[in-house]
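The two chains are supplied separately, each in an independent frame; assemble them into the complex guided by the hints.
Chains as they are written, first to last, in my numbering: chain P, 1136 to 1408; chain A, 41 to 222.
Note that these hints are calculated values from the structure, not bench results.
Treat the hints loosely; a few may be bogus.
Stated by the list, open to error - In silico contact screen, one side only, chain P against chain A (beta carbon under 7 angstroms); selected entries:
no. : residue
1   : Ala1297
2   : Val1312
3   : Ala1378
To be verified - Once the Cα atoms are required to be at most 20 angstroms apart in a straight line, the calculated EDC-like pairs of lysine to aspartate or glutamate come out as:
no. : chain 1 : residue 1 : chain 2 : residue 2
4   : A       : Lys141    : A       : Glu209
5   : A       : Lys141    : P       : Asp1253
6   : A       : Lys141    : A       : Asp121
7   : A       : Lys141    : P       : Glu1320
8   : A       : Lys141    : P       : Glu1162
9   : A       : Lys141    : A       : Glu119
10  : A       : Lys141    : A       : Glu196
Claimed, not checked - For each label pair, taking beta carbons as the anchor points, the in silico distance ranges come out as:
no. : chain 1 : residue 1 : chain 2 : residue 2 : range
11  : A       : Gly58     : P       : Ile1222   : 21 to 31 angstroms
12  : P       : His1190   : A       : Pro152    : 21 to 31 angstroms
13  : A       : Val55     : P       : Ile1404   : 13 to 23 angstroms
14  : P       : Ala1329   : A       : Asp111    : 39 to 49 angstroms
15  : A       : Gly122    : P       : Gly1228   : 40 to 50 angstroms
16  : P       : Leu1192   : A       : Leu71     : 31 to 41 angstroms
17  : P       : Gln1188   : A       : Pro207    : 33 to 43 angstroms
18  : P       : Asp1140   : A       : Cys66     : 25 to 35 angstroms
19  : A       : Gly58     : P       : Ile1357   : 17 to 27 angstroms
20  : A       : Ala124    : P       : Ile1404   : 36 to 46 angstroms
21  : P       : Leu1192   : A       : Asn70     : 27 to 37 angstroms
22  : P       : Leu1405   : A       : Asn70     : 29 to 39 angstroms
23  : A       : Arg180    : P       : Gly1228   : 44 to 54 angstroms
24  : A       : Ala124    : P       : Asp1140   : 41 to 51 angstroms
For clarity, every value in this text was computed on a predicted model and none was experimentally measured.
The C-beta atom is built at its ideal place from N, Cα and C for all residues, glycine as well.
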Amino acid sequence: MPNLDALSALAWCGAIAGVGVAISSLEILVSWRHYASGGLFDGDLLCRTSGLQRHPLARRLLGWLFTLGGINALAVTRLVCGLALTIVTLGAGWRAIAAAVAFVTGGLIVWRNRYGTDGSDQMTAIVLAGVAIGSCFSFDPVTQTAAIAFIAAQACLAYFVAGVAKAHSPFWRSGDVIGPIMQTETWGSRSLAAWLIASRPRAWLASWMVIGAECLFPLVLIAPPWMVAVFIGWGLAFHAFCAIGMGLNTFFWAFVAAYPAIFYIRSVILAAL
Amino acid sequence: MRDAMIESLAMGAVVLLGVWLLLTMCNQVNLRWMRLVRHLDVMLLIPRWTFFAPNPGLSDFHLSVRTLSADGTASAWEEIDGIAHRTLRSALWNPEKRVTKAVIEVASALAPLCRDHPERVASSAPYRCLLNHALRAAARSGRAQAIARCEFRLTETPPRRGPVGEPFEYQSAPIALNHAEP
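In isolation and in its complexed conformation, chain A is listed as follows (with noise of 0.2 angstroms):
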């Protein structure tokens, strides 16, 4: 009894490392069920493996904050979690890279909503997750000024060579810092 049950495990893990395989292949090419197979996928599991191809990203995202002060003056623009500078450690020790593919994740969320959906950006997960972080870093840097409002801006460095196209840029309208997130 006990035999046939592990076995019957066993079996069950071979068909899942099968079926998983066989999903993965099929993720590798735009198949329309597949959709509905990504949108389940919340861990990420199904892999696309199309590394920088076929249009890899020539561009860099940088996300800047300013406030403005109760009379309207503007504060110059900061970048906030700015593109760190590498040097030969991080090839074994990069911590900063996940804020960074994260910022270029958010900004890719972002573009095709600004596009073609613009009322839907201030409701939309990425905004809000810049929102918040901008309110916050716009908070910090001016807690001794009597700030009122922050604008955030999200702007994409076009290449130097290759493929340009329209860089995306992003301005939030001025926020109050009170603003209180949904």
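Bound conformation, chain P alone (with noise of 0.2 angstroms):
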């Protein structure tokens, strides 16, 4: 197990937020088209139909995010941060400054945006949150404890809320659902799905191996070593399968960003224990 200290488990989380925040942005940035006039994310059209209309003062204050010029000046500027995240060796200071503007910027372009939203996204700005709160108060334990098992504990509940909801369904149960979402062009891929329909104990199996695995796993906090290496193994496996397979490109860096802060939180209850 990485032994990490609060110091330590804040810039590798903040480092692999911060590849993803690059990605997502430069996304953005190539996709420029979906945000100009005529785009599924036109700035004009969704200024409109935003509410901020009946609020000139807000209007004038934040009309500029939806600009293509704002979209583009807000990637750009998350894209900087995301770099900077990346630099594991960055001074606290200059890591709660990036996270945070990082965080305020993804947070804006979701407002703008309002479609096309994803749980990356969400998950990102929960990992920005705690890294620049923890980075911001470093020299006082306590918040930056806090600030870390805030990233833990979103982390833990996140797979577990998954796996109970999945629990709950009997479509998930029956171990009919993981080959009908592989053969849909959105999310699928065609030689998976015929991979997992042509044999129903592996798609079972495959089905049961996600609950199973999403709910157990808030018990990476106290498991013992080689439990908490496949927990993890499994949560790298997973986020991967989810690139390749769904296309889910940004899932993978937005929870594996978690994982230092679990590292840590699980040393910290261990020791108290």
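What follows is the structure in structure tokens.
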């Protein structure tokens, strides 16, 4: 198990999240035509339907976000912050600033776009908030630990809730879900769908592996090292599968960014027990 | 004095994170008062972590547009922002996923309106988003032709396996290309 102190844990959380922040910012920049006039994220229309029209002062202050220049400025700022965060040796003060600015610009992009946000944006925001607060108060061990605990708790909650929700679903319990998801053009992969649908026991096992691992994931905080290795190994493989098979590339960075926080909080819990 | 202020700020930050975590936990179950929180949460900071559960999306959505000439002749439907073909590279780099997700969300917002309040569809944000997008796409595709109007269509491809419901389909009325968005 990596033995991390609080500052290293925050640095690694920030560095891994920073990769995802940089990728998603670059993805926005290269997709500029979707944000231009007539695109799906046409700022002019989004501004008119945002309710900002009714508040002249807010419109004057925030109207620029809906221009093409505005979204590009947000994405470039976020890209710079993401790249800065990938430097593990960055000073705590600079890391706090980079994480805070990446957090704010990410939130503004989500608010502006309204559509097209996914769980990776939310998990990234959580990690960035934790890193920003933990690094800002790096002189205060209580606040720093609370910030790291916040990231770890949100990650464990995310896996647990996702597992319980699947366990409640008869489709998931029957094993008849992953194959059909893989058959969609949006999330799927023809070869993986064929492989899963070809064998019912295989589909059932895949379904229950996801349910079981997600439900039990919070145990990572108190489990013995070999079990931690199993959970973390499963998490890495699961997110790599989602990236390769489903195109959910930024989920990998968003969730794996919480793992250093989990390692650190685990060591704090075990030391206290 | 300064130390006391920094201490208060640190305490405030811890409380803020605690409240955020608590709200996230409350958001995982259906609490009525959380609707207000969700309404105020414009940056979507309070997640609901039920990925692909309990009922995962097993359909694809396709947005298509066609043009109508002055004499009423319709062109073939042409898909816009179709679901991008993914390769291994998409595991690292997938800029199209946001657009695909946006089309799904627009369809999900439009479907209950079409079913329950069809009179509100034309003034709704998702409809206006699609209309604006379709008008531009039609104008681009028909620049050289004498076209007067266009129609757009949002269709759901139902799952090949698994639970099958009534697939969603919405087709707009013919819209003049010089239609002014309110």
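Hint check:
1. Restraint check, Ala1297 of chain P versus chain A: the minimum CB separation of about 5 angstroms is within 7 angstroms; hint holds.
2. The interface hint given for Val1312 of chain P is met, as the beta carbon of that residue sits about 6 angstroms from the closest beta carbon of chain A, less than 7 angstroms.
3. Because the beta carbon of Ala1378 of chain P sits about 4 angstroms from the nearest beta carbon in chain A, less than 7 angstroms, this interface hint is met.
4. A hinted pair counts as satisfied when its Cα atoms are at most 20 angstroms apart, and Lys141 of chain A with Glu209 of chain A qualifies at roughly 17 angstroms.
5. For the suggested pair Lys141 of chain A and Asp1253 of chain P, the alpha carbons sit about 8 angstroms apart, so the restraint of at most 20 angstroms is met.
6. A distance of roughly 11 angstroms separates the Cα atoms of Lys141 of chain A and Asp121 of chain A; the hinted pair therefore holds under the 20 angstroms criterion.
7. Distance restraint check for Lys141 of chain A and Glu1320 of chain P: the Cα-Cα separation of roughly 12 angstroms lies within the 20 angstroms cut-off, and the hinted pair is therefore satisfied.
8. Straight-line distance between C-alpha atoms of Lys141 of chain A and Glu1162 of chain P comes to about 14 angstroms, which keeps the hinted pair within the 20 angstroms bound.
9. A threshold of 20 angstroms between alpha carbons decides the hint, and for Lys141 of chain A with Glu119 of chain A the separation of about 16 angstroms falls inside it, so the pair holds.
10. For the suggested pair Lys141 of chain A and Glu196 of chain A, the alpha carbons sit about 14 angstroms apart, so the restraint of at most 20 angstroms is met.
11. Against the hinted window of 21 to 31 angstroms, the Cβ-Cβ separation of Gly58 of chain A and Ile1222 of chain P comes to about 30 angstroms, which satisfies the hint.
12. At roughly 28 angstroms, the beta-carbon separation of His1190 of chain P and Pro152 of chain A lies within the given 21 to 31 angstroms, and the hint holds.
13. In this structure the hint that Val55 of chain A and Ile1404 of chain P lie 13 to 23 angstroms apart at CB holds, the actual value being about 22 angstroms.
14. At roughly 47 angstroms, the beta carbons of Ala1329 of chain P and Asp111 of chain A sit within the given window of 39 to 49 angstroms.
15. At roughly 46 angstroms, the beta-carbon separation of Gly122 of chain A and Gly1228 of chain P lies within the given 40 to 50 angstroms, and the hint holds.
16. The hint said 31 to 41 angstroms for the Cβ distance between Leu1192 of chain P and Leu71 of chain A, and at roughly 33 angstroms that hint holds.
17. The beta-carbon spacing between Gln1188 of chain P and Pro207 of chain A, approximately 35 angstroms, falls within the hinted interval of 33 to 43 angstroms.
18. Between Asp1140 of chain P and Cys66 of chain A the CB atoms are about 33 angstroms apart, so this pair conforms to the stated range of 25 to 35 angstroms.
19. For the pair Gly58 of chain A and Ile1357 of chain P, the beta carbons lie near 21 angstroms from each other, so the given range of 17 to 27 angstroms is met.
20. Distance hint check for Ala124 of chain A and Ile1404 of chain P: the Cβ-Cβ separation is about 43 angstroms, which falls inside the suggested range of 36 to 46 angstroms.
21. Between Leu1192 of chain P and Asn70 of chain A the Cβ separation comes to about 36 angstroms, which falls inside the hinted range of 27 to 37 angstroms.
22. Against the hinted window of 29 to 39 angstroms, the Cβ-Cβ separation of Leu1405 of chain P and Asn70 of chain A comes to about 36 angstroms, which satisfies the hint.
23. Taking 44 to 54 angstroms as the suggested C-beta distance range, the pair Arg180 of chain A and Gly1228 of chain P conforms, at roughly 49 angstroms.
24. At about 43 angstroms, the CB distance of Ala124 of chain A to Asp1140 of chain P agrees with the hint of 41 to 51 angstroms.
The earlier numbered hints are all upheld by this structure, with none contradicted.
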